[in-house]
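Novice: 3 is the number of the first residue of the sequence shown in the numbering used here; add one for each residue after it.
By construction, these hints were calculated from the structure, which means they are not laboratory data.
Fair warning: there could be bad hints in the mix.
Claimed, not checked - Here are the simulated BS3-like cross-link-like pairs (lysine-lysine), alpha carbons at most 25 Å apart as the crow flies:
| # | residue 1 | residue 2 |
| --- | --- | --- |
| 1 | K16 | K55 |
| 2 | K61 | K93 |
| 3 | K61 | K44 |
| 4 | K93 | K55 |
| 5 | K22 | K94 |
| 6 | K16 | K94 |
| 7 | K61 | K103 |
| 8 | K93 | K103 |
| 9 | K93 | K22 |
| 10 | K94 | K55 |
| 11 | K22 | K61 |
| 12 | K16 | K93 |
| 13 | K55 | K103 |
| 14 | K61 | K16 |
| 15 | K44 | K55 |
| 16 | K94 | K61 |
| 17 | K44 | K16 |
| 18 | K103 | K44 |
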Amino acid sequence: MMKGWRWSGVEAIKSAEEFKTVTGGEAPVIVKFYADWCPDCKVMNMFIGDVIKDYPQYKWYEINSDAFQAIADENQVMGIPSLLVFQNGEKKAHLHSANAKSPEEVREFLNHVVL
Numbered sequence: 003m004m005k006g007w008r009w010s011g012v013e014a015i016k017s018a019e020e021f022k023t024v025t026g027g028e029a030p031v032i033v034k035f036y037a038d039w040c041p042d043c044k045v046m047n048m049f050i051g052d053v054i055k056d057y058p059q060y061k062w063y064e065i066n067s068d069a070f071q072a073i074a075d076e077n078q079v080m081g082i083p084s085l086l087v088f089q090n091g092e093k094k095a096h097l098h099s100a101n102a103k104s105p106e107e108v109r110e111f112l113n114h115v116v117l
């Protein structure tokens, strides 16, 4: 079973403290909220590597929403996979799961993120 994006060089967030550190920096970061059981997360894993290459201005991370439910709740993650853009500790953008089903949808979202 493939888990997350580890195969594409994206870092896994393993603690609440690490989440706060990662999202609190000046550089923009993207955090993918996922779960191991999520079929749409597995579909995203099949195409996200190519998307990541096209957006080198972001550092990419992932966090298991089941393991860190409080963080998911605090950030209004209602469905997975969800991509959230953070900068300086603020959520700048949120791609909800319903709109994250294809590389085109993800690219469209990233092309309109204003930092």
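Novice: Going through the numbered hints above, which ones does this structure break? Give me the numbers in ascending order.
Specialist: none
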